[in-house]
Amino acid sequence: MRKFLVLILALVMMLVPMVQAQEEVEVPEVVVERIMEYGELIPELDHYNTVSLDDFIVMLAEEEITILDVREDAEVEETGVIEGSVHIPLRTLGENLDKLPDQEAKIVVVCKGGFRATIGMTALHILGYENAFVLVGGFDAWVAEDLDVVDAPVEVEAAEVPEAIDPELMEYVAEYLMNLPENWGGVKAADLNIELIENPPDYLYDVRSAEEWADPGYIEGASHVWINEFIPMMEEWPTEKDANIVIYCASGYRGGIASTVMGLLGYTNVRNLSGGTKAWVAAELPLVQP
Amino acid sequence: MAPMEPWERVWIDAEAFSEDVHSYINCTDCHGGQAVAEKDAAHTGLKPEVADDPETTCGQCHVDVAPYAKESLHNTLRGYDTALYARSEPEHHPAIEEMQSNHCDSCHADCGDCHVSQPTSVGGGLVAGHVFNRTPSMSQNCTACHGSRIKDEYYGAHEGIPSDVHFKQRMACVDCHTGDEMHGMKMEDVNHRYDGAQEPDCQSCHKIEMGTGDEEESEEENGIIREHVIHDETLMSCQVCHSTTYINCIDCHVEQTEEGTAFFRVDEHFLGFYVGLNPNQTEERPYKYVPLRHVPIAPDSFSFYGDDLLPNYEERPTWVYTTPHNIQRETPQTERCQGCHGNDDIFLTRDKLSREERRANRDVIVDEAPSMFGLGN
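Chains A and B supply the protein sequences, listed in that same order.
Residue numbers 7 to 296, in my numbering, belong to the letters of the first sequence in order.
Residue numbers 48 to 424, in my numbering, belong to the letters of the second sequence in order.
Warning: the hint list may mix true and false statements.
To be verified - Incomplete in silico selection of chain A near chain B, CB under 8 Å:
1. 192
2. 204
3. 244
4. 291
Read the hints as simulated data drawn from the structure, not as lab findings.
Positions of the beta carbon are idealized from the N, C-alpha and C atoms, including for glycine.
Next up, chain A with everything else stripped away, as it sits in the complex (with noise of 0.2 Å):
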C-alpha cells in the first residue's frame, strides 16, 4: 500500500510542474517607476482621459488627432472604422509604435465598446503617451449615433520609435499586451455573481470615489480604494501576485486602467468587471449601502 501511494505520488508530482508553469515574471526598475508616475498623474487627468461621443466630436472638428482603432482585424473588416483610424490590433500594439505619432500628440483609442481601448490607452501613457485618451462607448457609440464610417484604416508608413522610449520598457509592455487573454480579462456580471456564490475572489476592489460607495453604494464583500489612491498604495497591494482579483467602478474605464497596471506589476489574475457597477445594476443585482 505505501510503495503503492509513493508510486501514485510520483506519477502526480510529474503533473504538478505543468500547472505551476506560470512563473512569476520579473517586473523591471522602469516599468515600476513609470507606473508610480502614471499614479501621480492620474488625480489631474480630465474624467481619466476619456472622452464622451460628443466632446469626441468636438476634437474631430477643432483639434489635431490621432484616432487608434485597436479592434482586430475581423472586427475593422466586418464594419469599417470612423474615417481616418490608424488600424493596430490591440495585442500587436505595442511593436507598431513605430506607427503612432509623437509623444505630445494626441491619441483617441477606439475599440467597440471601450474596454480593450482603455487597456491600450493606459499601456500608452505607461510608455509616455501623456496625451492617449479613449473614447467612451467605443466604435458602438459611434454606430449608435447613425456616424458615417469608411471601409478601411488609413495607410501609415512605420517611421522611427520615439527615442525618449526605454527598450526595455517598450519590450515588456509589448509582451503584456501580446498575452492577454481571449477575452481581454473581463468578467461579466451574472459571472461573478455565480462566482461570489462558490468561489469568490480573493479581492474584490472597488475603485470609484467616495460618493459613489455610498450612493448608489457597492458590492458586498468589496473593498474600497478610490483609483487616484490606488497605485500610490501599491506597498499594500496583494502580497500574491497569482491571487484571483477582481476590480470594478462604474463602467469599466477606471477599472480597466487599475487592472491593466496590476497587470503590467506581474499580477496574473487580475479581471475588470465588464460594463462596471452599470452593467451590475443592469442585471438586477444588488448594491448594498455603508
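Use these hints to put chain B onto chain A, whose structure you have.
What follows is chain B alone, placed relative to chain A:
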C-alpha cells in the same frame, strides 16, 4: 464556465487529496484496474463508473446515504420511464429502453457526479483535484446537467428576463435543495420530480411574508400583502404570481447523422408564461392553478426506434406542472389584480393549442381567465 483543459480533468491535487479521508483507500479499490506504473496495464479492468452501484461502493461506509440515494431519481431516472411508459404500451418498453440507454443514461447522476467530478455530459473532469467535495458546485455539478432550462432561468440568461431573486441574494442550488433531498429523502418508489412532499417548499422560508408565521411578527414585518390572503391557499402555487416568462420546447425527435448515429433534436423553443389547471393535484400540491410548461414530445418522437411507440400519446398532457427558477418579487401578475382577472393572455386557453394537442391537454386547459366582476378598477 470555461472548458477544462485535458490535463485539468485528470489532475489529482496530491497535497489536498492526501488530506481527504478517501486517500486512505486504494485507487484500485474504487476504480478497478491494476496498481502498476504502465498505463495500458494499469488501465486493464478499469471500471467505467465508480459508483454504478452505490450500495456496494460508497455505501460500504456511507450507510445513511447510499441506500436512499440508490432510490433517488438521480440514480434511477425513473421520471423518464413514468412519462414515457404512460404514453406507451408494455410491448414497446424494450424499444424505449434502448432509446434511453442511448440518449438518457449520460444524465444519470451518481455520487461522483455531485461530489468528485463534473458529469460526463460535459466531458467529465475532476472538480477539485479529486478531493471529495462535501458541497457540490453549482456551476460545475448541478447546472452542468440542469443546463438549458434551469441554469438559464436562474442566472437570467434569457434576454430581457431577469435572474431569480435568490440568485441575486447569492443563494446556490444547495441552499434550497439539501443533501437529504438529493440523496432521495428516504423515500422509495419515487416516480417523478413532483412525487411526495414539496421539497423544498417556498413557505418554509417565507412564513412571515405569507402571514402564516408567528402572527405578531408577520404583521409587524409585513402589514400582510393583500394578494397573499385574498385567495385560498390552495388556489394557486406561488409561481403563478412570482414566476415570469420561461422556456418551452416543441417537437423533440431522434434523428440520424449522415454516419447513422442517432441524436436528439428539439425543433423549437419558445418563451412564454401559461397558467393552467394542475395536472398533478395531490394533498401536497393541492393548487387548482399552476404554471404549465410544454414538453418536447410528439407522437413520432422515437420513430427511429420503431413505429408507433407512443400509442397512448394522448393519455398525458403535453403541458406539465412546472416550477420555473426565475422567481421575481414583482411580475405583471403582482402588479395589479387585472394581471390575471380578465386577462386571458396568461391562461392556457383552448385556442392556444394546436388541433393535435387538444385531446391530450383536455384536463389542463382553462376556459377563461377569472372574471373582473366585483374587482372594480
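Does residue 291 (chain A) pass the interface check with chain B, least Cβ-Cβ distance below 8 Å?
Because about 6 Å separates residue 291 (chain A) from the closest Cβ in chain B, which is inside the 8 Å limit, the hint holds.
Given a cut of 8 Å on the nearest C-beta pair, is the interface hint for residue 204 (chain A) held or broken against chain B?
Holds, because the Cβ-Cβ distance from residue 204 (chain A) to chain B comes to roughly 5 Å (cut-off 8 Å).
Was the hint right that residue 244 (chain A) lines chain B, CB cutoff 8 Å?
Constraint on residue 244 (chain A) not satisfied, violated at 22 Å.
Does residue 192 (chain A) hold up as a contact with chain B if the rule is Cβ-Cβ below 8 Å?
13 Å, violated
The structure fails to meet hints 1 and 3 from the earlier list, while all remaining hints are met.
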